[in-house]
Each structure stands twice: as structure tokens, then as C-alpha cells.
Amino acid sequence: MDGTLIFPDRHGLQQGMSVPDVLNLVSTNGINDWVSSASRVIAPLGPIASFAARSPWTGLEEQSFEQIARWLKDLRDVDIYPSALLLQDAKNRGEIDPTLLEKGLQHWLDSQPLKLPRDVAERFCRAALQLDDLPANLLAATELGGWAKKLSSLTLPVIKTPPVQTLSFRPQRQSGIKVEEDLNRHVIKCCKLFLDGSHAAWSLPNRQESFYRAWHRLVQYDPALNRSQRQLLKNCPKEATSALKEALSALEIPPSQIQNYLEAHLLALPGWAGMMLWRSQQTYQENSLLTEYLAVRISMEWALVQSYLPLPEQPSEEQALLIRLIAAWVHWGDLPIEDWSQLSATQQRAHLTLAYRFDDLLRRRLWLEAWEQTYEERLKKMIISKKPISHVEKPVSAQLAFCIDTRSEPFRRALEKAGPFETFGVAGFFGLPIETCELGSKHSHASLPVMLKPKHKINEFASKTDFESYQQRRQAANSVTHTFRTMKQNMLTSLLLPEVSGPWLSLQMLARSFFPRRAGRIFRQLQSKWLQKPSTELSLDYLQMKAGLPVGFSEEEKVQYVSQLLKMMGLTEDFAPLVIICGHGSRSTNNPYAAALDCGACGGASGGFNARVLATLCNQARVREALETEGIKIPEDTMFAAAEHITTFNQLRWLYVPELSEGAQAAFGRICEALSKVSERVNAEQLSRLPNLGFHFNNPNTEMQRLAEDWSEVRPEWGLARNAAFIIGTRRLTKDCNLDGRVFLHSYDWHDDYDGTLLSSIIAGPATVAQWVNLQYYASTVAPHYYGSGNKATQTVTAGFGVMQGNASDLLTGLPWQSVMKSDGAFYHAPLRLLVVIEAPDEYVERLMEHDLAFHQKVQNGWIRLATIDSKGHWNVIKEGNHD
Amino acid sequence: MLVTLKLLSLPTIFFLSLAMLALSAMVILHPRVPLNFVRIHVRICGLPPLIALLNLVTNSTKVIFGPWRLDPLAWLATLFVLTIGLVVQRYSVRQLLGDRNYRGYFALLTLTTGSASLAWLSNDLRLLLVCWGATLLGLTLLIRLNRDWRVAKSAAVRAGRLFALSWIILLLAITWLALMTGHWQFSLTLTQGSLVQLSSWERTGIALLLVIAVAIPAAQYPFQRWLLDSVVAPTPVSAVMHAGVVNAGGIILARFAPIFSGDLAPIVLIVLSGISVLLGTGTILVQVDYKRQLVGSTIAQMGFMLIQCSLGAYLAAIIHAVLHGLFKSALFLQAGSAVHHNEQAVRATTTQTSFLWRTAGIILGLFVGIGFWFIVKGRGYDMISALLLGWSVSFAWSHLVTSGVGRIGRTVGFTLLAGALIVFSIILAAFYVLLHGTVSQGVQPHTSSIILVLFILLTSSVTGAWLSRHPSSTFSAVVYLWLVHLGEPYHDSIESHPKYLTAMPYSQGGKTRWMER
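Residue numbers (the working numbering), protein chains in the order written: chain A, 1 to 884; chain B, 1 to 517.
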């Protein structure tokens, strides 16, 4: 160690371990282990161009939702229960049933050892449950302070140990010195310059070396730091792990707190840390990126906080807490301050304990649960009370498979109404673990849920001559934007650029402003006319590659994937003449969040490619022969086609239609005929939900197309907002129910699933995707600043792969404010935790819970809710924490 | 009816339409007025620019109309700023839908662009001051509109202070000028006869004040801070700011040309603007946030515009101001498209760039540059124009034609280059025809100032090339870090998470300014 690290005094949290001891305990491996355990508190964050839904709390499901809520509140002041205002608003809209709230309260009271008369407790709780704030003048009352002093001799049964805070955060809390803000500013700057994916003309020097080294070599010259800070950082070790060790011991963090300390640092900027984590998972060379990030951050913290050391002891918050508890009784329990003297010590303690336990977070938990139960009751009523459908149905002319996505539900409903069509729901990657590579692209996209890894690569290809001229046209089109970019970065040419490109840009600007729909269409059409993409085929046959994934599938794999999927869908007999596999994608203009509206099961891209792969496989004669031996007989004249469901304006775009048999041709005609009516109906339904300044539109289709093409549009569609439930069951169960686009639907018939494997793979795959989507929407609504990504109008795209707010901020992780809010004053997405409904006998669900411990844990700890519909049609609720 | 219409001259109709716009902006502020009035408001926004366009094409002489001076330059500036206002307000209808301050944005955008347009029409200097003051005030309020957000508030305070300083300095300059010449009218003050009453030090003094007054809104060194921090404003507000307000300096200097073309003031401005061009370009090179790159670009472009003014090339400066405004607002409005898709990165790198094609590019560049010099019968500033033009042509050639893939690529590249050149010359010619009578040609600049500008441009290009060859040298690291540092926002205008969102009042709170249906 070098000589600058002598701190005469100890400070803050440490419990007397001298510096050399710490160093001995912390081996290099130890540090890396600590970093990887600490990384549970953040979620990896990929580039926004392939925005994939992730739950921010995946690594925290070992603890209950409420525990995590309390911990986040204490540590970062982030509240993950809906705010009182939002809950009141929901109640005013009739989405929370007061009787269920009362029931929840009674249930809670039953579970408490009260030591108070029940009616006193009930009165207090009911008043507090109104969610009004304690009046400020009451809290400031001097008598209250006096009583709090007197009562401080009573020890409350529960005393919280404060969470481990970072040293840079503490001076801010205590005396307003903004060390953490400074630290964040420096770290944001380093991260964005290092990670840059937009190819800045002059990128960070030594960027090709590791993050820590590049930073270390530069920081000694950084004019944003003062001389002594630069000197201190210059003398840091050359390797990230030893630097992290050194910084931690210089800050005297005891080993028992190191993991918590690192967690606190990761949570200061969860977005940038998440991006580092994501990158560290991508390539082997960068696998220690998160350690390097922490090394940079904590070394920097040391340099910034050094002059404030030693920090004063954190003042106890017990006094303030007692004041609040007494004030709560004064305000809600009608127990004036004078009356406290008449209570015995036990009574006083009982009063305080109740007020302490029935705190703000718990009250809002009860409200949230009541809201969730209200939704569940209504859903149950709709599904259970429905008349059973008679089984005599018209012969089905076409069968369509859709993604489980909530936007499929209204479309399926309208389609079923429009003709003899049967629909299915299945995860939108259609069970194909593939990486897709479109014609002429050098980049391939992992088109599957983010928790899985691709196993095959599928290329799109065309004949050589077609391909070459297509490639030239593409390059020519790209060269315009490329030349524009490079001219912008050259000093001399950039000065003339406005004169050269100004007229063209203004033409485009005027057209887009005044004829948004037509201009957008014309630009798209011009582009596709110019490119003339040739007709293509897919490389489905197996080809071993020297490096990387094999291209295509072997014959066995083809059969295996197809049969697995058909079984998942429950389509193994009674094939209609035409089966259409529908992926889905969205269309929007000038929208950094475009990928968030695409298929989440395809890693944030359109599911069309996967649909095409599957339909092509299903039409192969050899695949069909092999399927027949497995007992799946596809009639010869049944044909499979692929389409893309465009969710923004609800049309089907045909991607692959083989030569059709006679029956299939007739079905195709019927579908095409029905589709225009279907689009119009669904569009009318969707349009009424989007805020639109109170205009009436004669033709909803054109208005929805405008939403897709308008460059100023912030809500091209609602995406998966308002999602609330995931129903695993037959379509008979939900047919003719207006589920309001709030439900993920997965086809499942337990009769065909003797050993429960289908159910467990649905739970492990699609249900987890749905849960992540659900929690991402939840988090973006309840903590829009921390887990959402703020207002779209004030975002700036940074480094080409993410967005920040305003001048600079954390790399924002979730959905924009406009994607969950109707307006600044009204929510659209109802933050409810996902309700999974399984239509299967009890023993199926029991078996599932025994085998899938992760799912069991999610249910038990309140990260997901579970209900079942048994073979007799009864709805059973499986309560959080009660299931063993 | 027809008779009354005939009585109304086009300028009168213009002012009437502007009055209507002002009225409509006030109506929109009233909470009882339904929000879909916004659509009507945007239509009304369309009237004044349309009438300004009619005025511009039908009227080519200078008319003094009450306190207004209606010459083509005035109409062009008005048309330009009102068009930007129209486009931005149309954009805001959807972009800001649901914002608590929805009504406020429209009212303030109207105030900002409307009063800017009046400022450029004024003949009376006092009127100019009032209108320009209103523009700056409107802009400050626009930045401040989301004041619940701490960083927006502090950015607004900083911008407001600098704007106030700029306005007061302009006030001083104008008062000084008016007191000395005894007139408050442009048409009377800036005549040869009035100006002889000023001693040379007074002229220099006024010109220096003008330099500071225009350098602040143009975000020139050392006053660039406000623009760097104003990235917090919503996208449409940034578009108006970068298109309609920062380039005011060009128009002001073109108006005050007779007094500005002295000895000292242009040199001071060249130095400040030269630094700004370097600073701005450096910011584009090192920064990775899209909006921050645009800010850097604006600083550099405005520096260049002011250099043009300093060299007496007012016509070129006006053209640059207008086209840059359109260019920059378009780039801001499509800020959402800046996400980098892997597809775009794929470019042919394998093609052999043949020596022949490259030489052809250099020769073409030389040819175009020299050709331009002869066609315009080159005077001082045209040397710089010729340099930029020749360089750009040869640069574009190397990217579009030399590295074009296959026959299709080269043909397209060549066509694009030729098309861009043709449009460029048409636009230039159109501006010339429109403005040559009204915009002062300026006095022939000193050769020394031309050499100074050329020196700044060429040495920095050479330095840039050296730095890119030696990326890991200490010098390079220091320059890099300084450029990053100078382009970064002020420390109190950064917040890691926009906390104000958690305190949004919901509809039942009664305080919202947004009306739910």
C-alpha cells in the first residue's frame, strides 16, 4: 500500500478492524465473489434497439415483495408500492372494492398479537387506511416531542438496523453536501464514453483496453477533478480488483459489510451498472466489467469523500419515529397527547407497536392487495359465470396461432367472431431457440426470450445475382446517411452541411408535420421500391460451422421442435385446411422505444421470422412423415402459412404463403375477406383507449396508421399496458369473454398432459416472460423515476444504445412515462402483480409446485399470484405465503 | 366585402393574422376552453407564415410602414421564424399530449416565435428591444415550464440571467446610438449622414457592445453555458431554441452592418467565434449523447455565422442562419431516431479504394472551388467559401463515389452528389435574388482577418489529423478530456433520476392543469 492512505480516525460504520486485517481477508477471488453476489440487486440491461422486458427484481425473489419494498425504501428512498394518490385514483374509478379492503384489514388484524381492545385497534386502522398524511403542524407540536422523549425509555419490539449506505450518500443526507451527485456525474461520464456504441468520431483513448485501465490512464489528467484528487487516483493500483480492495480498505468498510456496501453502490445508478452487467455476460474478455465498474466508482468515491472524512455518526432516527407513532394515534386513533399519561407502560407499548406495524407501507400493501383481489373477483365472475359453450361447432376453416401477448386477445376475439376460425395462444418465438439473420445483414438477433440461449442460426438467403444487386442498392441507400454523419463530424464540411442538406431536411420536415400518415407511407414505399428485396429462402437444413452456432436444424430436431410446439398449442388433431402461424411486431416512427412494442418472447423484435421458420418446417413432407409416427397426423391438404400481426394498426401481413391446396385456398379467401372487418373492429376498440383530444374518427384504420407514421407521436400504441393476468387453459374457458386486452392467453389442455411436462414448461418459459413484462410495467408505474424512463420529450439518446433524462442521468431501464400514463394526472397501466390462472386439477398444480421451486418461491413471496380452475370448474386461490 | 379587402394591404393582413394568433394563444390558456382547441390554434399558426410568404414574393422594395420596416430581409426572417413556430407547435400537439403544462407550451411558443418575428420587422429600435426582450423571456419561461424538475429550474435560471445580460447590453448599445444620432429609427440612424456624428471610439464602443449582445444568444465562448444546460428542455422547445433564437445574431449584425464594420469589433468577434467553432466541433467529436452533439454543432455553426458577419459576408450569414435553423430543427425533431441499429453500421469496408477514383475526387474539389471563386467574382470572404465548397465536394466524392459498391453504388453516389450541388446552387441563387438589394454587402474585410480565419480552420484541421494519428499520447488525452469537460453540463443541472415524477398530482388532487375527458 502506498503512504497516502493513512486515516488517523475511524469513522462511521466500522466496528474496529484495522486496515491490514481487511486486506488479508479479502482475496482477489473473494472480491469477485462479492461482486457477483451483490449483482443480484440489479438486472442486466441490454441496448434499447432490442429492448427486452426484464423484471428489475429477478435476483431478489428469495425475499418477499414486502421485504424488498421496505429495504428499497430505507436504502434508496424508492417506493415500490403504488402511491396513495394513485390508489385513491384507482378507488375513485371503481377498481378497488372497499369491502375487499376491509376484509384484508380484518385478516391482517387477525394475524397480529394485538394486546389492545380489538375495537380500538380497528378504529385506528380504519382511519389510517384512508391514506391521508399526518398534518405537518401536528408533527411539529412541542408536546409531541416531549412525550417522545419520555417514551423513548420504552423499547419497541422491532428495532430496525439501518441499511448500509455508501459513504458518498451519507454526507448528502446529513448535511446537504452533494458528494454522491458529484460521484454519479463522474461515473455517468466515464460509462457513456467507454461503452459508446454510436461510434463517436473521437472515442475514449485506450478504450480497447479494459474499462478500469482506460479510466486509470485518463483520470490523472481530468480537468473536472482537483489536483489532490487526481494525484490520489493516479496512485491507485493498476488492476481493478486490487484497486477495489484498496479503496474499500481505505474507506474502512468491514468485511461483513462489503457485499452490502457494493449493493448500495450498484443501486445508486442501477441502469449503468445493469449495462455493465449485461456487457460482462456477453463476451469472455469483458467478464469482469462489473468489478471494474465498482473499482472505478469506489476509487472515485474515495477521492471525492476523502476531505469530508471522518463522517459524523448517523443520528438516530428513533426520536422522529416515536413522534410519528404518537402523532398517528392522535390523528387517527383519537388519542390526544394528554391521554398518553393515563396509559400504563404496557398499553403505551401496545399502542406504539400497532402504529409501528400498521405503517404507511403496510397500509398501501393492503390497498394493493384489495385492488388485485377486486380484479381477480371480476375476472373470476366473468369466466365462471359464463354459459358453457355447446360443443357443436361449425367446421373450422382456418386455425391461427398467436403469441401469448395481451394484444393478441382482442384480435383473436374479433377474428373468432368474424368467421369459423379457431385461435391458439403460444409463446411468440414458437419454441424455436434460434438466432435470426436477415438477408444481407451481418448482425444476427437472438430471437427468443432473454432467459434462454439460442442453439441454431437461421439465415435468410436469395440467389447470388439477386443478392448482389440487392446488396448494392442497400449500400447505396446507407451511404447517404453515412456520408451525412461523417460530414457532420468533419469541421470544414460540417460548416457547409446546413446549406447542402438543409433544403432536403426541411422538405422532409414539412411533409412529416402536415401529412404525417401519407408522408410516412411514401418514405417507406420509396425505400422498399428502391431496395426491391428479392424473394428469399431460409437455411433450415443442418450445417456445422467452424465457430459459433450451427446453421439450421437436423431432421430429428425439426421434428422435435414442431411436435413440441403443436403439443404446447394443443393442436395435434382436427387440423383445419389452413393453419396460420402469426408472429407480431409493431410500427412506430421516431421512437427509441420501438422495440419495447415488439414481441418480448423474441428478444424485442418482430416474431415474423420465427413464424415463417415454423410454418416452413410444418410443410416439409419429411417432417410430417416423422410426426405421423409420433401420432400427430397432419392431413395432406392442410397447409401452414405465416403472417405478422401488426399490433399498431391490427393488420395481418402475409410473410409466407405456400402453394395452397383447394381447401386451404378457400380458407385463405375467407380469412382475407374477414380481416378488414376484424382490423376495423379492433382498431375502433383500441382507438377509444388512446388519448386523442376528444376527436371522433370516421375511419379508425387511417387514424391508427397515422399513429404508426407520425414522428411526433409519443403513444403509437399502448403496448402491454394494463396487463394483469396470465391464463393457462383451453380457449373454451375464455371464449366470448371480453378480457379487455389485459390477459396473456396460453393454450393448454390438461387432458393431453399426463405427466405435467407441458405445464411445467409453460410455467418455466412463457409464464416467466409474462411475469417479467408484468413487473417491468409495474415498476415503471410505481417508481417512474427509478425503474421507468421518464418523460419521452426530455429524453436524449446516448451512445446509441440507451436513453438518459435531460442533461445526463442514469441509463434509464424501464418504460417511458407516456407508456404507462394517460396524462401527467391519470394512470393508464394498473400496477397489479401478475395473476396466473391454471386450468388443471389440483394434483397438477401441487406437482408443479413441488418440482418447480423457483415458481413456488415466486408465489410464496408475492412476486406473482396464482389461482387454479379445477376439473369441476371451481376457482381456487393460492395465497401468498400460505402454500406449503 | 371585396372593397374592404382591397383596402387592406398585404402587410395589414399580416398584422391582423398575427393579432389573431396572439388572441388564440391567450384563449388556449383559459382552463375552460376544451383542449381540442389546440388544433384550431395550430391552423391559425399557419396563417401568418403564409401571408409573410406572399409578402416576400410580391414585395421586393423597402417599405416603411408605421414603426415597421418591411424589406425582403425582414419578411424572410419573419417567414422563417414563424414557419419554425408552426412546425414545432404542430409537433407539440402529439409530443406533449398529456403534459401538465400543455396549454402553457402553446402559449409560450407562440409568444417566443411571434415576438421574434415582430422584432425582425421593426424599424423602431425601441420596438425591436421590446420584441426581442419578449422572445428571450418566452424562451426562458419555456425552459422553466417544467419547474418541478430541479434541473429544469436551474437551467432556466442560468439562461435567464445570461439573456438579461445580453438584453441590457443591447439596450445600452441602442440607447447610446440613438442618443448620439438623435434618431430611434433604423432607417434614420444607420445612414451615412447620422453615423458621421459618431467619433470612431464611440463606433467601436457600440460595436463591441453589439458583439457581446449577439454572442450570448448565439452561445459563443465564453457564454456557451446556457445552451449546454438547456438540453433539459423538451425536444420541441430545443428545436425552437436552436432554430429560431440562437441565430438572431446574424440578423442583428446584418441590420447594424454600417456601424459594426469597424476595426476592432470584427476581430474580437472572429476570435470568440473561432474558439467557439473549435469548441463546438470538439464537442461533436467526443460527446456521445445525441442532443449534446447537436448543441455542439449549434455552437460551431453559430460561430461560423458570426465569422461570416465579421468578414462582411452578411448575405452568406443570413443564408447560413436560415438553413441552419431548418436543418437543426429537423435534426432535433427526429431525436428519437438516434438509436443505433446494428444494421446501419454494416458498410462495405472491403472495397479497394482505387487511386484513380481518389485523385478524381481531389481534382473535382479543386475544380469546383476555383470555379466558384471565378463565378462569384471572388471577394474577401469567398475565399473561405471556395475552400469549404471544394473540400466538401472532394470529401463527399470520396464517401459517395469512391467507396460506392458496384456500379449501382457509384451511379447513385454520383447522382446524389450532382443533385445536391445543383440544389445547392439553385438555393444560393434564389437567396441572392431575394436579398441582394437589402442585405448590406459590407466593406471589404482586412486581408489579415481572412488570413486569421483560414489559419484557425486549417491549423485545427491539421491538429485534428495529428491527434487522430496519435490517440494514446498524453497531449491527445488532455485535449480529449478538456473537450469532454467543456461540453458537459453544469454540475447542478444533472439529476441521476427525475424524482419530480413521483410527486405528480393525480386527477383527483384538483390541481392538474390537464383536463381529463
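Simulated from the structure, these hints should not be mistaken for laboratory data. We put the CB at the ideal spot given by N, CA and C, even for glycine. Check each hint, because a few of them may be wrong.
With beta-carbon atoms standing in for the labels, derived distance ranges [claimed, not checked]:
| hint | chain 1 | residue 1 | chain 2 | residue 2 | range |
| --- | --- | --- | --- | --- | --- |
| 1 | B | L356 | A | E625 | 57 to 65 Å |
| 2 | B | D492 | A | F467 | 20 to 28 Å |
| 3 | A | S228 | B | I267 | 55 to 63 Å |
| 4 | B | I362 | A | S228 | 21 to 29 Å |
| 5 | A | N698 | B | S468 | 54 to 62 Å |
| 6 | B | H470 | A | S228 | 36 to 44 Å |
| 7 | B | H470 | A | H199 | 36 to 44 Å |
| 8 | A | L507 | B | S468 | 55 to 63 Å |
| 9 | B | V268 | A | N226 | 45 to 53 Å |
| 10 | A | N226 | B | S468 | 25 to 33 Å |
The calculated DSSO-like cross-link candidates involving lysine-lysine, where the alpha carbons are at most 30 Å apart (straight line), are [to be verified]:
| hint | chain 1 | residue 1 | chain 2 | residue 2 |
| --- | --- | --- | --- | --- |
| 11 | B | K499 | A | K73 |
| 12 | A | K189 | B | K377 |
| 13 | B | K377 | A | K488 |
| 14 | A | K91 | B | K499 |
| 15 | A | K178 | B | K377 |
| 16 | A | K73 | A | K189 |
The hints, checked one at a time:
At about 60 Å, the beta-carbon gap between B:L356 and A:E625 stays in the expected band of 57 to 65 Å. A hinted range of 20 to 28 Å for the beta carbons of B:D492 and A:F467 is inconsistent with their spacing of about 55 Å. The hinted window of 55 to 63 Å between A:S228 and B:I267 is violated, with their beta carbons roughly 40 Å apart. Distance hint check: the CB atoms of B:I362 and A:S228 are about 52 Å apart, inconsistent with the given range 21 to 29 Å.
Checking the proposed 54 to 62 Å range against A:N698 and B:S468 shows it holds: the Cβ atoms sit about 58 Å from each other. A hinted range of 36 to 44 Å for the beta carbons of B:H470 and A:S228 is inconsistent with their spacing of about 29 Å. Under the hint 36 to 44 Å, the C-beta atoms of B:H470 and A:H199, about 20 Å apart, miss the expected range. Distance hint for A:L507 and B:S468: a CB-CB separation of about 34 Å, inconsistent with the stated range 55 to 63 Å.
Hint check: B:V268 to A:N226, Cβ distance near 32 Å, so the stated range 45 to 53 Å is violated. Between A:N226 and B:S468, the C-beta spacing of about 30 Å keeps the proposed range 25 to 33 Å intact. Pair hint B:K499 plus A:K73 holds up; C-alpha atoms about 14 Å apart against a cutoff of 30 Å. The hinted pair formed by A:K189 and B:K377 fails the criterion: a straight-line CA distance of about 49 Å is larger than 30 Å.
Distance check on the hinted pair: B:K377 and A:K488 sit about 29 Å apart at the alpha-carbon level, within 30 Å; holds. For a cut-off of 30 Å, the pair hint linking A:K91 to B:K499 stands: about 25 Å separates their Cα positions. Taking the CA atoms of A:K178 and B:K377, the gap is about 60 Å. The hint is violated against a cut of 30 Å. Pair hint A:K73 plus A:K189 holds up; C-alpha atoms about 27 Å apart against a cutoff of 30 Å.
Of the numbered hints given earlier, the model fails hints 2, 3, 4, 6, 7, 8, 9, 12 and 15; all others are met.
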